[in-house]
Structure formats: C-alpha cells, structure tokens
Amino acid sequence: MTDIMTPTLGESVTEATVARWAKKAGDPVKRDEILVELETDKVSLEVAAPEDGFLSSIDAEEGATVLPGQRLGQVASAPGAQTAPAPKPAAAPEPKVVTPVAAAPVATPKSPPTAPPPEAPNAMPLAPSVERIVAENRLDASTIAGSGKDGRITKGDALAAIDAMASRPSPAPAPLPAAVAVPHEREERVRMSRLRQTIARRLKEAQANAAMLTTFNEVDMSAVMALRNEYKEPFEKRHGVKLGFMSFFVKACVFALKEVPAVNAEIDGADLIYKNHYDIGVAVGTERGLVVPVLRDADALGLAGIEREIGALGKKARDGELALEDLQGGTFTISNGGVYGSLMSTPILNAPQSGILGMHKIQDRPVAVDGQVVIRPMMYLALSYDHRVVDGQGAVTFLVKVKEHIEDPRRLLLEI
Amino acid sequence: MADYDVIIIGGGPGGYNGAIRAGQLGLKVACVESRATLGGTCLNVGCIPSKALLHASEFFEMASKDFAGLGIEVTPKLNLPAMMKQKDASVEQLTKGVEFLFRKNKVDWIKGVARLAGPGKVAVTSPDGAVTTLEAKSIVIATGSQPAPLAGVVVDQKRIVDSTGALALPEVPGSLIVIGAGIIGLELGSVWRRLGSTVTVVEFLDRITPGLDLETAKTLQRSLTRQGVTFKLGAKVTGAKAGAKGVELTIQPVAGGDPETLKADYVLLAIGRRPYTDDLGLETVGVTPDARGFIETDHFRTSASGVFAIGDVTHGPMLAHKAEDEAVACIEIIAGKAGHVNYGVIPSVVYTFPEVASVGKTEEELKAEGVAYKVGKFPFTANARAKVNHEAEGFVKVLADAKTDRILGVHMIGPDVGEMIAEYCVAMEFSAASEDIARTSHPHPTRSEALRQAAMGVEGWTMQA
Numbered sequence: 001m002t003d004i005m006t007p008t009l010g011e012s013v014t015e016a017t018v019a020r021w022a023k024k025a026g027d028p029v030k031r032d033e034i035l036v037e038l039e040t041d042k043v044s045l046e047v048a049a050p051e052d053g054f055l056s057s058i059d060a061e062e063g064a065t066v067l068p069g070q071r072l073g074q075v076a077s078a079p080g081a082q083t084a085p086a087p088k089p090a091a092a093p094e095p096k097v098v099t100p101v102a103a104a105p106v107a108t109p110k111s112p113p114t115a116p117p118p119e120a121p122n123a124m125p126l127a128p129s130v131e132r133i134v135a136e137n138r139l140d141a142s143t144i145a146g147s148g149k150d151g152r153i154t155k156g157d158a159l160a161a162i163d164a165m166a167s168r169p170s171p172a173p174a175p176l177p178a179a180v181a182v183p184h185e186r187e188e189r190v191r192m193s194r195l196r197q198t199i200a201r202r203l204k205e206a207q208a209n210a211a212m213l214t215t216f217n218e219v220d221m222s223a224v225m226a227l228r229n230e231y232k233e234p235f236e237k238r239h240g241v242k243l244g245f246m247s248f249f250v251k252a253c254v255f256a257l258k259e260v261p262a263v264n265a266e267i268d269g270a271d272l273i274y275k276n277h278y279d280i281g282v283a284v285g286t287e288r289g290l291v292v293p294v295l296r297d298a299d300a301l302g303l304a305g306i307e308r309e310i311g312a313l314g315k316k317a318r319d320g321e322l323a324l325e326d327l328q329g330g331t332f333t334i335s336n337g338g339v340y341g342s343l344m345s346t347p348i349l350n351a352p353q354s355g356i357l358g359m360h361k362i363q364d365r366p367v368a369v370d371g372q373v374v375i376r377p378m379m380y381l382a383l384s385y386d387h388r389v390v391d392g393q394g395a396v397t398f399l400v401k402v403k404e405h406i407e408d409p410r411r412l413l414l415e416i
Numbered sequence: 001m002a003d004y005d006v007i008i009i010g011g012g013p014g015g016y017n018g019a020i021r022a023g024q025l026g027l028k029v030a031c032v033e034s035r036a037t038l039g040g041t042c043l044n045v046g047c048i049p050s051k052a053l054l055h056a057s058e059f060f061e062m063a064s065k066d067f068a069g070l071g072i073e074v075t076p077k078l079n080l081p082a083m084m085k086q087k088d089a090s091v092e093q094l095t096k097g098v099e100f101l102f103r104k105n106k107v108d109w110i111k112g113v114a115r116l117a118g119p120g121k122v123a124v125t126s127p128d129g130a131v132t133t134l135e136a137k138s139i140v141i142a143t144g145s146q147p148a149p150l151a152g153v154v155v156d157q158k159r160i161v162d163s164t165g166a167l168a169l170p171e172v173p174g175s176l177i178v179i180g181a182g183i184i185g186l187e188l189g190s191v192w193r194r195l196g197s198t199v200t201v202v203e204f205l206d207r208i209t210p211g212l213d214l215e216t217a218k219t220l221q222r223s224l225t226r227q228g229v230t231f232k233l234g235a236k237v238t239g240a241k242a243g244a245k246g247v248e249l250t251i252q253p254v255a256g257g258d259p260e261t262l263k264a265d266y267v268l269l270a271i272g273r274r275p276y277t278d279d280l281g282l283e284t285v286g287v288t289p290d291a292r293g294f295i296e297t298d299h300f301r302t303s304a305s306g307v308f309a310i311g312d313v314t315h316g317p318m319l320a321h322k323a324e325d326e327a328v329a330c331i332e333i334i335a336g337k338a339g340h341v342n343y344g345v346i347p348s349v350v351y352t353f354p355e356v357a358s359v360g361k362t363e364e365e366l367k368a369e370g371v372a373y374k375v376g377k378f379p380f381t382a383n384a385r386a387k388v389n390h391e392a393e394g395f396v397k398v399l400a401d402a403k404t405d406r407i408l409g410v411h412m413i414g415p416d417v418g419e420m421i422a423e424y425c426v427a428m429e430f431s432a433a434s435e436d437i438a439r440t441s442h443p444h445p446t447r448s449e450a451l452r453q454a455a456m457g458v459e460g461w462t463m464q465a
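Respectively, the protein sequence lines represent chains A and B. If you're matching positions, the first sequence starts at 1 in the numbering used here and goes up one per residue. If you're matching positions, the second sequence starts at 1 in the numbering used here and goes up one per residue.
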C-alpha cells in the first residue's frame, strides 16, 4: 500500500483544492499515470501514481482542500485491498492478503435521513449546531464559507447558507399557459475557483494600493503590417514560428522601459526598486480565467525568440500546465484585449508592477496624414500606471516611444 | 553589540511569561525585577496570597456554619499565624517555581530597579546601589500597577492599609471598613468577615463591581449582604483619621447630604490600581504616559522604536491573564511571528463566595451597542450537584446573538464558576453558537450541567428548570 501525497506546492502556496480525480477507487493504475489534478491559487498541477497497482482509496474527494504532505489516496498492489485507516491500534494482525469476501461490496445499511452527511475525510469536524443545520437542510458543508477561527463554519454561517438557498426562487408552478416553461432557476450559485478568487483578490489589491490611472495614444499599424506581410513566409520558414504583432510590441515596450525606467520599477515600503531586467508578463485568456505567464529577459530575445516563447507559454496556459515559476517575477505586463475585439479599455495593474500596456483591436479609421484624410489601420494604446512611481510625463513618453517604434519598426533595428 | 535581544522590565505575570516565551523562541532575554522575588504583584501581594486566604477562610466559615448541617459537629478555632504561614509558603513555592522556569528557559534574572536610559539602553540599580547599563534590541515595559491613592486617606499599613497590608494583618479586626466595592475590596473584605470582622464597604458609585453585568453584580451584593457585609453605596470618603486603636472615616453621600463618621479598627483602601510608570526614564526614549499614567501602545509598540509595553501599564483590564496573553503576543511579534490577543474573550473572576465569572459582553453593553440578543439563564437551585452540596446560590446566564446564535457574553455567579468559565472562553474563541454548548455532553452530576442548560435556554429548550 503506497500513499499518494499532496506535493509541495511552491512558495507562498499553502493549500490546494482537489479539482478532479482521473480514476475511481478500485481502478487499475500505472506508475506515473496522472491520477488527480489539484488547483492552487496560481496553477493547477497533476499528481501521478507512485507505482503500478490499483487505486485502493480516495481520501480527498473533489472539492476538498488539501495541504502539502496530506494523503490524497492510496495505491495498493492488489485489487480491493483495504485501505489502512488512520493508525489503528495493533489489535488483530493485519492479514497480508485480503480475502475476496472482504473485498466484495457490502450493502451498507441505509442511514436515517437526519444522520449527518459523510464528511469529507480531511475537513475539520463540524460544530454540533452546524452539523444539525447541514443535516436538516441537506446542505453541502464544503460549499459554506467559514468565518470562524481557521475558517471553521459557525452556526451563523450555516444559517446564512440556508437563507441564501431560500432566497433562490423555487420553480414557479407555471400558472401561464404552456408557454416556454423552462425549469431553469433564475440564478445559480457557483463557488469561485481558487484561480478566480485569486484573480479577484489581486485585482482589488492593485486598485486599493496603487494610485492607478491610464493614459492613451493611438498607433498606425501600417508599417508593421506591411513588414509582416512582406516577410511572413521567409520568417516562418527560417524560424519555424509565425510572425505576429506581439513580438513588435514586446520589443517596443522593452525599449520604452529602458527610456522610462520608472515604469519597470516597483514600490517596496519606502523604497523604489528599479529593475535592470525586462521580464514581460503576457496576459493569456484561458477557459479557467486570465493568467499572466512571464517572458524572461525579453531584452535579450529577438523577434523570433519572443514569438517562440509566447507560443510555448500560451500553450502551457491553455493546457493548464503552467508552473509557478512561469507566473512569478514579471516586471511589466502587456494585455491584448484586441483579440476579443476591444477598441479601448483601461487595464488594471498586475501588482506590484507599476505599468501595464493595453493593446486593442486594429480598426481601419480615417486619419489626417500630411493634410490628407487617409484610411489607416489604427490601434488605441492604453498605459495604466502607478502614479506613485511614474509621473505623467514618463507615462506619456513611454506610450509615445511604443508608438514610434511600431509606426517605424526600423527604429527597433537601429535602437533609436 | 546589544547585550540582549530583549530586556523585560518587571517580573510579574506579563514580564515573567514574556521572558519564558522569549527563551522558548531562542531570544537572549533578561528580566529585571525590583522585588527580591519574581512573580510581581500577582504572586507576591495579589491574586495568589488573596486566594490562599480566601480558600482557608472559606473552610473556617464552613466549619463554623455549614458542617453541622451536614452532620459534622465541630467548633473550629482560628490560628491566624498558621493561616498566614501556609499562605506565605504557597507564595514562596510559586515564586521559586518562576525562578526554575527562568533557568529552564535560559532567562537572565537581573535583580534591581530598571530605568530606561535612552534608546536600547536600560540602567539597572542593583540592591547594593551599583548601576549597570545594559543594551537590548527590544525593551518591554511590564512594570504593572500599584494601589491607587485617595486624597485624605493616608495608607500607613498599620491602621489604614492597602491590599498588600490587608493580606498580612496581625489580628482579625473587630471592624473593617473597605473603601471601594471592586473585586479586590470584596475579596479581602470577605476574608476578614469570614474570620470574624464586621465589614462595611463604602463605594462612590451606586453599584458594586463596576463593569460587571448588572444583574450578576446585584445578585452578588444581595449574597454578600446576607453574609453580613454592610454596603454604603453612592458615598464619598472625605477624610480618614488614624489613631493608635482605630480609624475615623468621614463619608458623604455623592448625591449630597450630611456627612457621616464611621469608626473601625482598620480601613482597607481598595479603590483601584494605577499604572506603575513613574521614574521609569520614559522621557529618555520620548514616551509620555497619558494623564492617568498609562502608556499608549499600538500592538504593544510604544511611540519609541524598540520599546514595547504590556499588562497593567497599558489600557485594558488590569488582569494577570491579560498581561500574560499580551506578553506572549508581544514577544512573538518581536520574534517576527504573528502574535495576537483576542480582547473580546478575556474572562474575569471575582473570588468571593459565591464566585462571579464572566466573559464577553454584558447585557448593558449589548443594549448600548444596539445588538439584538437572546438570553438563556439557569439557576443552580435546579442543578443536582449544587443542590446536594447545599450550595445552590447563583445562576448561569448566556447571551447570544438573536440571529446567528453566536455566544456574545456569559455571566455566572455561584460556587466554583471561576473554574467553569474557561469552557465558554474556548467556545467563544471558536465563534461557537449557544447551540454548540447545548449539544455538547456534560458530565452528570456536575455543576457544569448548568452551563449547558443555560445554553439550551437561549433557544428555549432548557430541560431541567
């Protein structure tokens, strides 16, 4: 019998939620086969089978909160082997091979309706009042947010959960003629995933802590688009990766960050930390939510290197395979709302960073060039910045530098 | 280089517990104490010796008055010197115990009077007059408190005594006047009344034990009155004249009226305590106590960097366990941990007979705050154990939030309730509802069942009354 343990989750991550079991208890498993997926504040991670055998027990059901070093389940060499429950007094000698009789599923007596529901094995035992309320109202204790010590559920929390349930309108008895009586509830309460909760918390922290404001500019994309159209094929042939716009923006931002170092700085207490490394977070939307993997030392990469890295990080993000290291330590962030069609937005800082560039949809618009109205592919740019660190002139200069480099990409080559 | 990570000034419950915790956490720590023994007021001239006399005097009175009813016929004879001796022996054992704990946790006990001498410096004048200056990264002021004086009443520790003197009277006073109906006055008044004194308690306010739940306080007053204590409430002491044989005390109604002269063999001044912050050298680090002598703190930090204060010298109830909790939290903060004190759950006990114990909010506080609450109350007359012991005075009262049922306050009066309040402290620390206590098994037959029955009463299902 081998324990499946919760792995160490990385710095500053203290707990994880069991997101999904890939196997059911009793299933055969192979060594290194993925058994269970955990979700933390930052990433999801997978736990593999420690050896060949059978998944003999699941200790932490889906939705349970687990700590590093906590047992998730056990793998046994023989099917149906009984799990060792928590340390047992050495009474009868444990039989080495369990007889098939013991393994046969035994019909458990039906529990009376008032009996407390089986607790998640790892959850804190419920207080007597909470246990009664949960049983009488058929609540799922794991969905009640606890306000007591160490997050325990108090009676008040349980009563509030009943109120929340009661306030959901029950399906109306359809008094209207047989119209579209869809038995859908009018609202649905879903527990936020850990990732969602973290995003929510961090966004509010950034808003609460920074003196955040946004400055705008617009950029004529003609030159970059022309360059891209012209060299698209040779570029892909040579580098094995498509030439996108993002690499130009990353390059332009690195240049602008060097010009205006405050945007690449952060506040630490009464100090300012100016960073001489350029680790650019690139916001990626995934089905689980927004994550911002970090492109390391972007100043040392060429356009091809940037495209390659962004491609790799994006794939990892969509596959839920980002490691913690991929998400930490960015100095500046680029968010591209344009991919969803946004024309203009004010991005929120990725704290403790002091700047975030918002890219938007490229749209043909009439603009005045040399006294003539012409149609150009235009994009609005937004820079949200922490005014405690960056002054207005710096912020505007930053955007102008980005604009200049995109409108005349030769500058990237000449570094001017 | 600093001599110590932490120097704690004062070896009372705040100081010695802080020193032990600091030692446990691996800090180099010294505790400076001006008394010859450790333990501060609490161990030497406070909680501990008073409990020794309360315990002994209670038995004396029981033997005189209650034993016969149980079928035991005795005529007790008081041996006051022996009673004092057992008290002193207990005190000595306990102060020695603190010394042992200091050695065990590598705490340096420095004997002498400490005074701050600028940032990070403490000057200690040892009993032989030598002055040593020690340096420490952090300094914790835990100097405690001393009996508060009253204009016109000069404590000579002969006929007019404070709490220290009242613990070591050479004889049982024929009559004793206690100024102040607070916890200390009522406890020491009880001791001497049980041993034979006629006791009168004079109190400025129109109630006893200010701050205590009013219903509980009134019940206590009735009980003490039945025992023979005379209360003069709403009375102001205007002067005291001590002679060789006794004291003449003049009092006047606070509401106005004719002055009255009371005579007694002894007078105990027990109107409260004031922080001990004089001559501490606070000015050398730029800390100024407030008008009443208290040091302002924010999570134990004073306005001076590296200088902390805990216990009676800071605001809050002057209780040994409050100082102890603050000591632990303060030292943990100094050690870079997350020390915390839950001021909402600090219990308080009056060790009279019957005892009074309370934790959390009083009904008066809840009303003032506009909190909707429910009350569950259970009398000890309905408790089997109290009944068979012929000690059925008092009740347990549980106050809980009307909506969430969370326990907000508990007030009880009755024998041994001081030992029983801790159950509710734990419950409140975990935000428990009254129902949580109501659904927790309690042993039968014990007085603790009253705790459960009272909790049941909050939601109207008390079963045994």
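Don't read these hints as lab results, they were simulated from the structure. Remember, predicted model here, so these are calculated numbers, not experimental data. One or more of the hints may lead you astray.
Lysine to any residue pairs mimicking SDA-like chemistry, simulated, CA-CA at most 25 Å apart [unchecked claim]: (1) B/LYS158 with B/LYS28; (2) B/LYS218 with B/ALA338; (3) B/LYS377 with A/LEU67; (4) B/LYS403 with A/GLY285; (5) A/LYS149 with B/THR37; (6) B/LYS28 with B/HIS340; (7) B/LYS104 with A/ARG152; (8) B/LYS337 with A/LEU67; (9) A/LYS242 with A/THR214; (10) B/LYS403 with A/LEU67.
From chain A, some residues computed to sit far from chain B (all C-beta separations above 10 Å) [to be verified]: (11) GLU46; (12) GLU188; (13) LEU327; (14) PRO352.
In this text, a Cβ means the ideal position worked out from N, Cα and C, and glycines have one as well.
Evaluated hints:
no.: 1; hint: B/LYS158 with B/LYS28; in the structure: violated, 43 Å
no.: 2; hint: B/LYS218 with B/ALA338; in the structure: violated, 41 Å
no.: 3; hint: B/LYS377 with A/LEU67; in the structure: violated, 42 Å
no.: 4; hint: B/LYS403 with A/GLY285; in the structure: violated, 43 Å
no.: 5; hint: A/LYS149 with B/THR37; in the structure: violated, 39 Å
no.: 6; hint: B/LYS28 with B/HIS340; in the structure: holds, 22 Å
no.: 7; hint: B/LYS104 with A/ARG152; in the structure: violated, 36 Å
no.: 8; hint: B/LYS337 with A/LEU67; in the structure: holds, 21 Å
no.: 9; hint: A/LYS242 with A/THR214; in the structure: violated, 31 Å
no.: 10; hint: B/LYS403 with A/LEU67; in the structure: violated, 34 Å
no.: 11; hint: GLU46; in the structure: holds, 33 Å
no.: 12; hint: GLU188; in the structure: holds, 26 Å
no.: 13; hint: LEU327; in the structure: holds, 26 Å
no.: 14; hint: PRO352; in the structure: holds, 22 Å
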